[in-house]
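**Student:** Single-letter residue listing:
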Amino acid sequence: MKMIVVFEKAPRLRHIGHLDLMRAMQRALRRSGLPLCYSQGFNPHILLSFAAPLSVGMPGRREIMEVPLSEEMTAEAFLQKLSSALPPDLPCLEARGVDDRHPAPMALLSAAVYEAKMEAIPEGLSAAIEEFLAQKEIPAVRKTKSGLKDCDLRPMIYDLSLTGGVLRMTLALCEKATCKPDLLLDSLFAFSGLPRPRALITRTALLGEKDGALVPLEAL
Amino acid sequence: MNDTENARLERLLEEVQKPARYIGGEMNATVKPWDSVKTHFAFCFPDTYEIGMSHLGMKILYYLINGRPDAVCERVFMPGADMADRMREESLPLFGLESRHALSEYEIVGFTLQYEMSYTNILEMLDLGHIAVFAKDRAEADPIVVAGGPCAFNPEPLTPFVDAFMIGDGEDVMHELIDVIRDGRAEGLSRKEIFRSLARLEGVYVPSLYDVSYNGDGTLKSFAPNDPVAPASVKKRVVKDLSAAVYPEAIPVPYTEIVHDRMVLEIMRGCTRGCRFCQAGMLYRPVRERSMERLMELADKLQQSTGYEEMSLSSLSSGDFTCLPQLIQALMDRYREKRVSVSLPSMRIDSIVKQSLEETQQVKRSGLTLAPEAGTQRLRDVINKGVTEEDLIRSVTDAFECGWSSVKLYFMMGLPTETDEDLQGIGHLAKKVVDAYYALPKEQRSKNGVKVTASASVFVPKPFTPFQWAAQDTIDQVHEKQAKLRQYLKIKCVNFNWHESQLSMLEACVSRGDRRMGDVIYAAWKRGCRLDSWNEYFKFDQWLGAFEDCGLTPDFYAYRERPYEELLPWQFIDAGVSQEYLRKENEKAKAAQTTRDCRRGCNGCGLHTWGVCDWVKHPPLKDTDKTSAPLFD
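In order, the protein sequences belong to chains A and B.
Under this note's numbering, the first residue of the first sequence carries the number 1, and numbering increases by one thereafter.
Under this note's numbering, the first residue of the second sequence carries the number 1001, and numbering increases by one thereafter.
Pulled out of the complex, with its shape left as it was, chain A reads as follows:
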C-alpha cells in the first residue's frame, strides 16, 4: 500500500531547497520506524515522492507526498508514528492509505493556490486586477531550462483576488503548463504600473481536477 500524506513546510524552512527537504523527510521516515520500501541497487534509498517541489523561499501550508509501505497499516497509526519523528517546522497534517495502483499525486496535479502577503497594498490594486484579468491574452516571457520562452498567462490563471491584504492566486501547475506566482506578480504590476511591494508568497494548496472542477489533490 501507499500513504498520501499532507504536510506543512513552515515559514522558517522556506530557505530549505527541495533536495534538502527530501533528505530531511527521509531521515524522519527512518526515525519513525515505519515499514518503508527501499530502492534496489548499490545505494538503496527510501521510496518517497513529492507532488511538486517548492521553490526556495516559499513556505507550503498543505504539501503532498506519497510514501509506499511494505506492510498494511491504518492512516492513524501511520500519522502517529511519523508525527513523533518530524521536526517542529515540518508537521504532517493528514494521511490516507491507498492501493499501490493509485496514480501518483504528481500525475493528478493540475494547479496550486498561492497567497502573497504584501507589506503594503498599493492604492488601486483591486481595480488593476480587474483590468488585468479582462485582457484576452497576457503575453509574458517564461524562463525555462532551454532558455526564454514567450507564453500567454491568461489561460493559466484560474483565479486572482485580493482580500484583506492578501493576494490569492490559483495558477496552473502541471507538466503541460505552469505559471509561477512570481511571474504573475511581475506581469500584474508591470501591467498596472503600480509599485511592487515586498511579499511573502505561500503555497496554500495543491489541486487536481475532478469532473471539470478543481479539488484538493489529496482528495483524489
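I should point out that these hints are in silico values taken from the structure, not numbers from a laboratory.
Any given hint could turn out to be false.
[What the hints assert, rightly or not] Quick list of in silico lysine-lysine cross-link-like pairs, DSSO-like style, CA-CA up to 27 Å: (1) B:K1447 x B:K1492; (2) B:K1451 x B:K1018; (3) B:K1221 x B:K1584; (4) A:K145 x B:K1018; (5) B:K1240 x B:K1617; (6) B:K1301 x B:K1032; (7) B:K1451 x B:K1408; (8) B:K1617 x B:K1235; (9) B:K1301 x A:K81; (10) B:K1492 x B:K1408; (11) B:K1338 x A:K81; (12) A:K143 x A:K180; (13) A:K81 x B:K1032; (14) B:K1442 x B:K1431; (15) A:K117 x A:K180; (16) B:K1432 x B:K1492; (17) A:K2 x B:K1338; (18) A:K117 x B:K1018; (19) B:K1038 x B:K1136; (20) A:K143 x A:K117; (21) B:K1018 x A:K180; (22) B:K1408 x B:K1447; (23) B:K1018 x A:K143.
[Stated by the list, open to error] Ranges between beta-carbon positions, derived for each pair: (24) A:T163 x B:S1091: 55 to 65 Å; (25) A:D99 x B:D1333: 27 to 37 Å; (26) B:R1394 x A:A77: 33 to 43 Å.
Cβ atoms here follow ideal geometry from the backbone N, Cα and C, with glycine treated the same way.
Please build the complex by placing chain B on the supplied structure of chain A, with the hints as guidance.
**Tutor:** Okay, now just chain B, sitting in the frame of chain A:
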C-alpha cells in the same frame, strides 16, 4: 531579539547567501524557555555553520550542558562575510540559533579553539555579538568569555580577549565551571571574585591572574601568578573512563548539507603511536577506549534519534582500537536491515571488510587515504612515524585487489632534518604505488585505471610536541621545495597538490605565540582579517601589516629555533607529557632513533605518574602481536 529585530533578520535572510545557516530549528536542537534556566551558555564555533556543525566536541558539550535542568546551551556560528556585514549595517546582534538572543545576553560565552587561523573570527563574533572584544573592557554584568579545545594548550595569544580557559577534556570540567559562575552570579560576586573562584578549579586558567615580562631579545623572561589563588602550573583535565563519560544520544540533524553529515561514534581518545610532529597525539594522552557494550548502545540511540543513513568511527588511530573487527561486524549485522552504512577508517582492509565488500555496499567505499608523511625511511624514523614502505605497498595492494583505484598520499614538507633526498623519496613512493597497481593481473584490478594524488602540506611546529623548539622553513625555502617536488612528481597517473605556505607560516606564529601575539591578532582583525582559513578572504598582506603595527616580526615566532633553556609561553600548562620527555624525544629525532608504541612498553612520557593510563598496568604487547600500521587518516 525583539519583534522588529526579528522581522529585520527575516528580511536579511532573503538577501544573503546560504540563509539556511541561520535558521536553527533542526531535529534534536534543544529549545528551553529562556526564563526556565539560570545559566545560558552560548557555544560559539568560530567558523561557519557547515564546519562547526561537523564538530564532535560541540555535540558532546551541547548535550552535556543541556542535560542540566538549570542551564541551556545554544549554538552560535561565525556568519558568512555577507551576513556579517549586513548585520553590522542593520545593527542586528549575533545570536544563538535556538532562541535568537543576542550573544551579550548569555551568562557564559564559550569558544572552541580547533585551529589557530580561526582566531580573528572570535574577535569578529564578540564584536558582532555586542560584547567588548578586550576582556579588560567588559562591564560587571557582561558575559564571561571562556574557551577550550586543543589550541587552548597555548592560550597566550588569546589572553587579551578571553576571561578563562579550560585545559583538557571539556566533559570533565564543564559542570564545575558552570556551577562556579552560576553560584557567583547568584551571590552577586564581582567578575574578579568569580575569576578567582574559577582559578581554583583544576584545569582552568585565568590569564588576568598572571603577569609576564620579556627579555630585551623578545623572549619570555618571567611568567608568574599575581594572586595566591592562581596555581603556578595549570594541569589539564582528563576523562578517566570514557565509557562512563557523557556522550550524546541525540544530535541536531541539519537541514542543509554540512561537511560531515553523519553520526559519529568516538571509539577511543588518545593515541599510543608517538608521532613527533603530532600535537593531538601528545595532548590527548593517555589512550582510552570506549567499551563495545557502550558503543553499541550509543550507536542504537543515535541511529534512532537522528535517522542518519551513515555512521563513522572517530579517533586518532582507529586501527588501534582493540575490538575493531568485532565492532565493525556487530555494527554491520545490526544495521543491514536499516540500510545504515558504516564508514570505516580505511586501514583495516582485512577479511571482514573484503567479504562485506563483495556482499553489499554497506561498508562505504570512501577514497583510500594514506599518510606516510615523509618520503624516506630515515625521515619517517625522525618523526617516529612507525611505517615502512612494505606496510604501505601491502596496504595499497590489498586495496587495489578490493577494487579501489584512487589513492591519496599525505606528506609534509619542511620537517626537521629534511634533505633533497627526502623530497625525491616522495616521488619514489608515489611511483611505487602506481607500480603496485600495474603489478596486479589485469582481471584483478579496477577498470578505471589508477589515480594517485600526493599532497604535501607545510610542517608547522606545535607546542607540546618534541618539535616545539624547531624552526619552520621560510616561505622562500618552501617555494623552492615545492618547485622541486613538482619535478619529482611528474609521474604518469600521479597528481600533486601543495598547500599555501603563507597560511602555514601564520599558523606557526600563532600556535607558538606569546601574549603579544594577541595584539597582532587584534591588529589583523582591525585591518579587516576574518575567515582566514577561507582562501577568498585570506589577506596575507594585512597580517604582515599587523605584525608591523605591533613592532613584531613573524620570523621571531616561526623561523627561530628555540634553545632548551628558553622559557616557553605555554610551559606553565601541565599537559601530562613532561618537557624532559619532549626534549629526549627531540634528541632522538635528531639521531633518527625511533620510540616504541606505548602499548609495547611504557616510555615514561610523564602521564604514567598520573594514574590515568591503562597501558601502564597492562602487560605490554609482544613482538608477535600484530598492530596495524598507522598509515591512514
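**Student:** Now tell me if each hint is right for this structure.
**Tutor:** The hints, checked one at a time:
1. B:K1447 x B:K1492: holds, 17 Å
2. B:K1451 x B:K1018: Roughly 34 Å between the alpha carbons, so the hint for B:K1451 and B:K1018 is violated.
3. B:K1221 x B:K1584: Distance ~24 Å between B:K1221 and B:K1584 Cα, so the pair holds.
4. A:K145 x B:K1018: holds, 23 Å
5. B:K1240 x B:K1617: The hint holds at about 14 Å.
6. B:K1301 x B:K1032: Given pair B:K1301, B:K1032 holds - Cα atoms ~22 Å apart, limit 27 Å.
7. B:K1451 x B:K1408: At roughly 8 Å apart (the allowed maximum being 27 Å), B:K1408 and B:K1451 satisfy the hint.
8. B:K1617 x B:K1235: Given pair B:K1617, B:K1235 holds - Cα atoms ~22 Å apart, limit 27 Å.
9. B:K1301 x A:K81: Holds, at about 17 Å.
10. B:K1492 x B:K1408: holds, 15 Å
11. B:K1338 x A:K81: holds, 17 Å
12. A:K143 x A:K180: With a Cα-Cα distance of about 10 Å, the restraint between A:K143 and A:K180 holds, given a limit of 27 Å.
13. A:K81 x B:K1032: holds, 24 Å
14. B:K1442 x B:K1431: holds, 18 Å
15. A:K117 x A:K180: With a Cα-Cα distance of about 16 Å, the restraint between A:K117 and A:K180 holds, given a limit of 27 Å.
16. B:K1432 x B:K1492: The hint holds at about 12 Å.
17. A:K2 x B:K1338: holds, 19 Å
18. A:K117 x B:K1018: At roughly 23 Å apart (the allowed maximum being 27 Å), B:K1018 and A:K117 satisfy the hint.
19. B:K1038 x B:K1136: Holds, because 25 Å separates the two Cα atoms, which is no more than 27 Å.
20. A:K143 x A:K117: holds, 24 Å
21. B:K1018 x A:K180: Since the Cα atoms of B:K1018 and A:K180 sit roughly 23 Å apart, the hinted pair holds (cutoff 27 Å).
22. B:K1408 x B:K1447: holds, 18 Å
23. B:K1018 x A:K143: At roughly 23 Å apart (the allowed maximum being 27 Å), A:K143 and B:K1018 satisfy the hint.
24. A:T163 x B:S1091: 55 to 65 Å: violated, 37 Å
25. A:D99 x B:D1333: 27 to 37 Å: At roughly 35 Å between Cβ atoms, B:D1333 and A:D99 fall inside 27 to 37 Å, so the hint holds.
26. B:R1394 x A:A77: 33 to 43 Å: The hinted range 33 to 43 Å is violated for B:R1394 and A:A77, with Cβ atoms some 54 Å apart.
Checked against the numbered hints given earlier, the structure breaks hints 2, 24, 26 and satisfies all the rest.
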